[in-house]
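Undergrad: Produce the entire structure from the sequences given, and follow the hints as far as they go.
Protein chains in written order, with this note's numbering: chain A, 1 to 313; chain G, 1 to 450; chain D, 1 to 282.
These are calculated hints, taken from the structure and not from any lab test. Accuracy of the hints is not assured; some may be wrong.
To be verified - Cut-off 20 angstroms, straight-line C-alpha distance, at most; resulting in silico cross-link-like pairs (EDC-like, lysine to aspartate or glutamate):
#1 G:304 to D:42
#2 G:144 to G:342
#3 D:178 to A:19
#4 G:428 to A:19
#5 G:397 to G:377
Unchecked claim - Now the stretches of chain D that chain A is said to cover, found in silico as 3 or more residues with beta-carbon under 8 angstroms:
#6 103 to 113
#7 116 to 128
#8 161 to 175
#9 220 to 229
Even for Gly, the Cβ is constructed at its ideal location relative to N, Cα and C.
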Amino acid sequence: MATAQTSVNTAVPKRRLSERKRDNLFAYLFISPFFVIFGIFGLYPILFTIYLSFFKWDALNPMKYIGLQNYQFVLEDSIFWTSFSNTLLISVMGTIPQLIMALLIAIFLNSAFTKFKQTFRVLFFMPNITSIVAVTLVFSAIYSNNGMGNWLLDVFGLDAVAWNSGWWGVKIAIATMIMWRWTGYNMVIYLSGLQSIPTDLYEAARIDGAGRLQQMVHITLPLLKPFIIFTVMMSTIGSLQLFTEPYVFLGQSGTSSLRSEGITMVNYLYSEAFSNSFFGTAAATAVILLVFTIIFSMINMWASNKLGGDTEG
Amino acid sequence: MSKMKKSLMLLVAAIMVFTLAACSSSSNSGTNNEKGTNNSSTTTSKEGGSNNASGESVELSFWTLGNTNYEDLANQYMKDNPNVVIKIQNTGDQTAHHNNLTTALSAGSGAPDIFQLEIGFMERFLAAQDSFYNLNELGATDVKANFLDWKWAQASSVDGSFQIGLPTDIAPTVAYYRTDLLEKAGLPTDPAEFSALIDTWDKFATVAKQFTDTTGIPFVDSRDLIYNAVRDQAQGQIYFDKETGEFIGNTNPQVKKAYDFTIKGIQEGWVANFALWAADWTQATNDGGFAVLPGPAWMLGNVKSNGPDTSGLWRMAQLPEGSGNWGGSFLSIPKQAKHSEEAYAFIEWMTAQEQQLQTFTVSGLMPSTFALFEAPEFNEFTDEFLGGQASAAEFAKAAERVAPIYYGPLHDQTDSYIKEAIQNVQEKNADPQAEWDTAIEKIENLIKRS
Amino acid sequence: MKAKIGDQPSSFTTVFYYLFLGIGAIISVFPFYWMFVIASNERGAASHIPPIITIGNQFIDNFSRALEKTEFWTAFGNSVFVSTVVTSSVVVFCSLAGYAFAKYNFKYKNFLFFFVLGTLFVPQQLSVLPTYVIMAKLHWIDTYKALIVPAMVNAFGIFWMRQYISSSVHSELLEAGKIDGAGHFRIFRTIVLPIITPSIATLGIFTFLNTWNDFFWPLVVLKDKSHYTIQIALQQLFTTRDGLDFGMIMSATFMATLPLLIVFLLFSRWFIAGLTSGAVKS
Numbered sequence: 001m002a003t004a005q006t007s008v009n010t011a012v013p014k015r016r017l018s019e020r021k022r023d024n025l026f027a028y029l030f031i032s033p034f035f036v037i038f039g040i041f042g043l044y045p046i047l048f049t050i051y052l053s054f055f056k057w058d059a060l061n062p063m064k065y066i067g068l069q070n071y072q073f074v075l076e077d078s079i080f081w082t083s084f085s086n087t088l089l090i091s092v093m094g095t096i097p098q099l100i101m102a103l104l105i106a107i108f109l110n111s112a113f114t115k116f117k118q119t120f121r122v123l124f125f126m127p128n129i130t131s132i133v134a135v136t137l138v139f140s141a142i143y144s145n146n147g148m149g150n151w152l153l154d155v156f157g158l159d160a161v162a163w164n165s166g167w168w169g170v171k172i173a174i175a176t177m178i179m180w181r182w183t184g185y186n187m188v189i190y191l192s193g194l195q196s197i198p199t200d201l202y203e204a205a206r207i208d209g210a211g212r213l214q215q216m217v218h219i220t221l222p223l224l225k226p227f228i229i230f231t232v233m234m235s236t237i238g239s240l241q242l243f244t245e246p247y248v249f250l251g252q253s254g255t256s257s258l259r260s261e262g263i264t265m266v267n268y269l270y271s272e273a274f275s276n277s278f279f280g281t282a283a284a285t286a287v288i289l290l291v292f293t294i295i296f297s298m299i300n301m302w303a304s305n306k307l308g309g310d311t312e313g
Numbered sequence: 001m002s003k004m005k006k007s008l009m010l011l012v013a014a015i016m017v018f019t020l021a022a023c024s025s026s027s028n029s030g031t032n033n034e035k036g037t038n039n040s041s042t043t044t045s046k047e048g049g050s051n052n053a054s055g056e057s058v059e060l061s062f063w064t065l066g067n068t069n070y071e072d073l074a075n076q077y078m079k080d081n082p083n084v085v086i087k088i089q090n091t092g093d094q095t096a097h098h099n100n101l102t103t104a105l106s107a108g109s110g111a112p113d114i115f116q117l118e119i120g121f122m123e124r125f126l127a128a129q130d131s132f133y134n135l136n137e138l139g140a141t142d143v144k145a146n147f148l149d150w151k152w153a154q155a156s157s158v159d160g161s162f163q164i165g166l167p168t169d170i171a172p173t174v175a176y177y178r179t180d181l182l183e184k185a186g187l188p189t190d191p192a193e194f195s196a197l198i199d200t201w202d203k204f205a206t207v208a209k210q211f212t213d214t215t216g217i218p219f220v221d222s223r224d225l226i227y228n229a230v231r232d233q234a235q236g237q238i239y240f241d242k243e244t245g246e247f248i249g250n251t252n253p254q255v256k257k258a259y260d261f262t263i264k265g266i267q268e269g270w271v272a273n274f275a276l277w278a279a280d281w282t283q284a285t286n287d288g289g290f291a292v293l294p295g296p297a298w299m300l301g302n303v304k305s306n307g308p309d310t311s312g313l314w315r316m317a318q319l320p321e322g323s324g325n326w327g328g329s330f331l332s333i334p335k336q337a338k339h340s341e342e343a344y345a346f347i348e349w350m351t352a353q354e355q356q357l358q359t360f361t362v363s364g365l366m367p368s369t370f371a372l373f374e375a376p377e378f379n380e381f382t383d384e385f386l387g388g389q390a391s392a393a394e395f396a397k398a399a400e401r402v403a404p405i406y407y408g409p410l411h412d413q414t415d416s417y418i419k420e421a422i423q424n425v426q427e428k429n430a431d432p433q434a435e436w437d438t439a440i441e442k443i444e445n446l447i448k449r450s
Numbered sequence: 001m002k003a004k005i006g007d008q009p010s011s012f013t014t015v016f017y018y019l020f021l022g023i024g025a026i027i028s029v030f031p032f033y034w035m036f037v038i039a040s041n042e043r044g045a046a047s048h049i050p051p052i053i054t055i056g057n058q059f060i061d062n063f064s065r066a067l068e069k070t071e072f073w074t075a076f077g078n079s080v081f082v083s084t085v086v087t088s089s090v091v092v093f094c095s096l097a098g099y100a101f102a103k104y105n106f107k108y109k110n111f112l113f114f115f116v117l118g119t120l121f122v123p124q125q126l127s128v129l130p131t132y133v134i135m136a137k138l139h140w141i142d143t144y145k146a147l148i149v150p151a152m153v154n155a156f157g158i159f160w161m162r163q164y165i166s167s168s169v170h171s172e173l174l175e176a177g178k179i180d181g182a183g184h185f186r187i188f189r190t191i192v193l194p195i196i197t198p199s200i201a202t203l204g205i206f207t208f209l210n211t212w213n214d215f216f217w218p219l220v221v222l223k224d225k226s227h228y229t230i231q232i233a234l235q236q237l238f239t240t241r242d243g244l245d246f247g248m249i250m251s252a253t254f255m256a257t258l259p260l261l262i263v264f265l266l267f268s269r270w271f272i273a274g275l276t277s278g279a280v281k282s
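TA: So this is what it looks like as structure tokens:
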């Protein structure tokens, strides 16, 4: 330890190598807890799911090997493809506006001249901590056939919408629930990111005559890139795995959570497993979903990287 | 030196976390094997005292569902049988309750000695007979005659040789109706008269239309319940063939009849546009948004709590052409149970006539031992909410009009497709025939996977 | 604190900002408020049409009914314990791992990192069965270990810390520390940690929140009532057979949500602390 200092200037490859080795050792040490825990608790379920996808199983009787049949069932099932398109549509509707809003709100709340910052932060984060039950009750009331939603539409002279069964109605309802719940969450993430940008950058830019918008485009956005990538990634994964909101919203209003207007891929998976006891088909769905997630995540990562230049992501 | 110290600190921190976690779990109950004698369980069903691992004492774990008086009964049993200790675990969430059993059975450990099995989840467990004790081998054949035959059959294999559970409560369906609203339309309000007036579905439809035309209020509360009422009168089987398991929903006349009848009601305006359990349905119970609710025995509880201002205005009548059943449980013994004989002795006692009478008196659950239907405590039970009507007797009448029905493992999912079709017709003015065809197609797709 | 960014905006912009924030805040908080409204009114309030939006006086009544039906405070304590342990563990392990991925260069780094990310891609619903089997083999069913150990370090946290550290901790600082002879842990503690406190606060909040609200897994693995976490205890209040007593349910839910609010308020102070623009001229 003490000896390293004296030999820093001596270009001895051996020394550098052992320092390098020590670096590596610590790096592996730091990341090992994850892999240990994952190796025990995370790996087995994933391998099991993949294995299961080639069998027919109801969890109680012995497994029966059926090769790729489960995949065939799922890929030929029009309900699965409905759930796929629902998931995509609702995801886009629910996350793109949400992320933009979250970013805007975070920027506003980070501005020097905004008062009551703390209060606003708390208020915007509330949706994320409010219980799903309470939220669903409220939204079910709003979106019921005789609820506030249709009353509002009526005020503007528009027809009532079948929020619980209409093709767009269900999707809009669920998308708004998602936006409502997760905007504050992403706002918090962006706020953290904004905190990491040194203020003297802004000072320097202002002195150079840059306006607020220019500062945002040339300083804030590029430096926020790692965080934007983060939220885009997590939102992609989260929306592809969307389950709770449709499950509770559609289930709450007495309709089936499997309605073709609102069923998502994980709803499909869940019902295959826990309502029909088709665990094999559910596993195949999970694997297919995994593949989709990889594809979409890569696309989104690439897209976010392209946006805003060349800082380390 | 400081580097080592830091690593050490981290290690210590990690160890602390593990130890903390481990320490707090020392008072857990684990699997059936581990007897947590100093368990901080707050269920009151533990007898103070004889709980040590002496050779004689037997501990039974019992998973119950919902609001029952089973804890009290268990306490009673323990007093009379001091060598038996019963530990109860209760939840109100039906899906979780049954999924937990599935998980435990699948993993090969963690299942209780006695499990309260609800009829709605019966099928998947009937398909896994290897995981349960055949109660016929433990003595169930001796008590079979005490129970309603259709109820007994619900927990039997198709050929009757395997019995998965002993019947507890039943939930026959009746027609709850508002006397004040019927009066407005000039209809008779006395239960017997009203029952006679609607004793066939055709007559029911006529009365319904007449009522709605006169008062402008829908006759029936919801599409789901009226569909169920007609569907449940299918003779012996609904969507799947009892012998072969094949899908017969599209050819079973009763299913089409139920569908068409509901559609007719929607189109003629006498089926209200409420979704079951939704806020507006709840509200309508109190506001007089409908006249008739064809529901099971336990739904009276909902009517009472949803419509507190309407006490005394309701009565019960018999449904046309027979009754259905929605709900009810059984007591079963998973194969993982260590003490099957003691467990069986307990459940036989629990489901015996006397105890079922107690359950009825305390929790209002309808007994499945039909001898009770003669008992005076039963017959003379009246309900203020129903204007003093002898409700138990009425439920008993309904119970005797229920026919045994085979459901099949895919019943729920199949049913939900048809309900979805009906909802589309009601909420989106969809074409009934097209919706029916789509539903059948979905069901046939579903079956391919089974 | 923060220096002024630009001049004071025009009053139009100010109004616009506050309007936007204000409406957003009201929309955000309304369901929470409504939850309290139902919690403080009597039974039928939830389905009343037109909806009731004024606070009643039945909160204590409703809550005492909830207390009768469930072991509320026991479950509450259990949740506090589990959530705190998991949060502490996650913060420690994920920041170290994120730091390694962000600032160290080691063989297979990228592959390992994508592997970590990949674990997020798998939907959790099916993992229940195999994980239960593992727990059964370890005899951890119905123990807190089953809840805590699998959750001690997660991919979300690692990903998050890596992003934050890679963008906010400048390598020159670390180099400077190395030259001064500081060991790896020391560098982390004295250089990195002060910079990343906002991200730790964020991770802490999210982890606590997720663990507190986790319902699915505890439901499967906990059996005895005295071990229940708060979300499971709340589920006990949902029996449709009697009709849902929303006043009681909401009062219990409200009380169960308060700790989250408190944790958020506590942790969010850390957002403000920590960063000065001093250390590096970029």
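Undergrad: Hint compliance check: list the failing hint numbers for this structure, sorted ascending.
TA: 4 and 9
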